[in-house]
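Undergrad: One-letter residues, chain by chain:
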Amino acid sequence: METILVLAHTENDGSLAKSAREALHAAATLHKSLADSKLLVGLIGENIQAAANSIAASPVTKYFGVTGAEFCQSRYATDAAAAEAVFKAAQATVVVAPATSRWARVLPGVAQRLGGRADTHVTGVAVADGKISVSRWYYRQRMEGVLTRTPRPWILGIDPGSQTACDCGAGTATVEMVPVNLTDANKRTTVVGIREPKADAQTIRPDAQLLFVTGAGWTKKQADGQTHLPEAEKLILGFLKASRASLGSSKSLVDLGGEGQAVLPFLSHLNQVGQTGATPRHAKGLSTCCHGEEPHTVGWRFIGERRAISLDPNCGWARGKADVLYVADAFAVIAKVNELLAAGGTP
Amino acid sequence: MSTAYQIVVCGSIVPDPLQTLEPVASPTGPALKNEMMLPAVLDPWAGHALYEAANLAKNQPGSKVWLVSLGPKAKLQQVMMTVAQKVPFELVALDGSASGFTDATETAAALADAIAAIPGLDKSKLLVFGGWESASRGAGATLQIVGERLGIVDQFQGVDQLTVNADGSLEILERIEGGKHQVSKCAGAPALLGWATGNLPEPKNNPQVGMVNMRTVMPALQKAKPTKLAGEGLSFASVALPKQLRETQIVKDKSPDGIAKEIVEWIKK
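Here the protein sequences come in this chain order: A and B. Sequential numbering of the first sequence, starting at 1, is according to our numbering. Sequential numbering of the second sequence, starting at 1, is according to our numbering.
No lab work stands behind these hints: they were computed from the structure. All C-beta atoms in this analysis are idealised placements derived from N, C-alpha and C, irrespective of residue type, glycine included. Warning: the hint list may mix true and false statements.
[Claimed, not checked] Label pairs and their computed distance ranges (CB to CB): (1) B:Glu202 - A:Glu339: 37 to 45 Å; (2) A:Thr172 - B:Asn34: 54 to 62 Å; (3) A:Pro206 - B:Lys268: 19 to 27 Å; (4) A:Lys131 - B:Lys225: 45 to 53 Å; (5) B:Lys254 - A:Pro206: 47 to 55 Å; (6) B:Asp257 - A:Ala69: 31 to 39 Å; (7) A:Pro206 - B:Pro219: 44 to 52 Å; (8) B:Thr20 - A:Gly171: 50 to 58 Å; (9) A:Arg195 - B:Gly258: 41 to 49 Å; (10) A:Thr164 - B:Glu247: 22 to 30 Å; (11) B:Lys58 - A:Gly316: 12 to 20 Å; (12) B:Asp253 - A:Gly161: 36 to 44 Å; (13) A:Lys131 - B:Lys254: 51 to 59 Å; (14) B:Thr216 - A:Lys234: 48 to 56 Å.
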């Protein structure tokens, strides 16, 4: 009999993020398919009652909580101690957690403490013949594996955006508080702040409908034999402003910036998608001036509808990977797109 | 105040990202077709960790860098011929599988044992580095388990910047959601950092550095401990390439105005 624990942390405002509700959905799926299983929730944060109440109508039978100012911080030592304490109180065999940056940092270490195993970047869970199996990708999203494990506890980090969010209703949850004894050794690290671009300069928008991918072609010589970097910058930023898209970039384009060349200064490695970058999840993707073959295209593995603009009709980035390939000059097309978006308002 | 660190970088080899990869079934589980024939490179994020380690060692006199690497000995030797020319380090080699289908817990156990066995290791000066994820298993789990086994509870993942403050404390920037960085201050070593890209370009090859490194690399490879990763309790039901191939509609001979209109309609849909 499996005891399934959903382990989540609250946000700064005490709420549960969508990724936590996705983990709850995955856990509830397992619970439904496994006879005699139990579904529990463990919440960690400065205050967790509101979060517990927000999912009180779920099939969860018991709630555990660790609260206090020390658990507001996203810090390995205190998060690991709290997760370990909740796990022991719940006596779980399977832990399902959202693979947020906070939990991704700590869950494998917690599995080690508990003598269990952790699988991260899980994109699917299933039950067959009474056995749990999970799906995840290998070699940077180039092949998908389905695996199962016998050791317990088994900790599953669910990739945000890969599941439907649980829409279970609110109510009043009774939470059993779990004490955690922290020592000075747990507090050697202090979170001192968050560094982010100014609101109007933030180009990474995980919740955007559209991913706009820019390739190195934007920095190359154009038909007149000259590069047009200021124009490229104006067009790309103009498009982002008008469309509210999230900006992704090929590695080659980001690396140019890292080498100190004065190209598209708003791009950083955080924008990078693909082999050594992110593989974000958006409903739509529009790539411009990208080139390359299969290995480079993993950046939009999890993008729904895909369109590309390229001067090369045989571009490996687009053929077989995009739904529509426009063989055209991206400078001219995006300039016109910006005009139309400005005239018609933000989508 | 300058602190001399003992910086241990965990990093292995992966198939060159430009290679076509195809999974096959082997007697021991999933593997890559012609795996031993595929050209290999140092795992990209582990490479960034190595370059950051070397840069830190250069700026903190008395510091030393080790590279602890688990992989097939012959492939490790090939990759080290290039990597050894980049920055100074001492290699600790483990002869075993570098496959993405091995278990992170078993890999971490082998790495942690190898680190603990480094002669003269002083935990109060220890910084464990590595890539926050590999380009093979991509789990982002191995380093945390290594840290736990070594008793290090100041751990950071997705690190893009490390600054040693005048008082010996460490300021660390970690990637978090939404293109932001979390800034943390840690009292000092021991600590574990899983690096993302960092800020340093790949160093140019330096034959002199290579010659110095190879004096220790070759002996390290010769005495590389055979390491078996059994995958206890782990079984794969399938490993497959995505079958989704899209029927791409090629739109030629359409004016920029016409394309723009179509794209705007699509975005707004």
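Undergrad: If a hint holds in the structure, say so; if it does not, say that too.
TA: Status of each hint after checking the structure:
1. B:Glu202 - A:Glu339: 37 to 45 Å: Roughly 41 Å apart at Cβ, these two residues keep to the hinted range, so it holds.
2. A:Thr172 - B:Asn34: 54 to 62 Å: holds, 60 Å
3. A:Pro206 - B:Lys268: 19 to 27 Å: The hinted range 19 to 27 Å holds for Pro206 (chain A) and Lys268 (chain B), with Cβ atoms some 21 Å apart.
4. A:Lys131 - B:Lys225: 45 to 53 Å: For Lys225 (chain B) against Lys131 (chain A), whose Cβ atoms are near 35 Å apart, the range 45 to 53 Å is violated.
5. B:Lys254 - A:Pro206: 47 to 55 Å: For Pro206 (chain A) against Lys254 (chain B), whose Cβ atoms are near 32 Å apart, the range 47 to 55 Å is violated.
6. B:Asp257 - A:Ala69: 31 to 39 Å: At 58 Å between Cβs, range violated.
7. A:Pro206 - B:Pro219: 44 to 52 Å: holds, 48 Å
8. B:Thr20 - A:Gly171: 50 to 58 Å: holds, 53 Å
9. A:Arg195 - B:Gly258: 41 to 49 Å: holds, 43 Å
10. A:Thr164 - B:Glu247: 22 to 30 Å: holds, 27 Å
11. B:Lys58 - A:Gly316: 12 to 20 Å: Violated, since Lys58 (chain B) and Gly316 (chain A) (Cβ atoms, about 40 Å apart) do not stay within the stated range.
12. B:Asp253 - A:Gly161: 36 to 44 Å: holds, 37 Å
13. A:Lys131 - B:Lys254: 51 to 59 Å: holds, 52 Å
14. B:Thr216 - A:Lys234: 48 to 56 Å: About 52 Å separates the Cβ atoms of Thr216 (chain B) and Lys234 (chain A), which means 48 to 56 Å holds.
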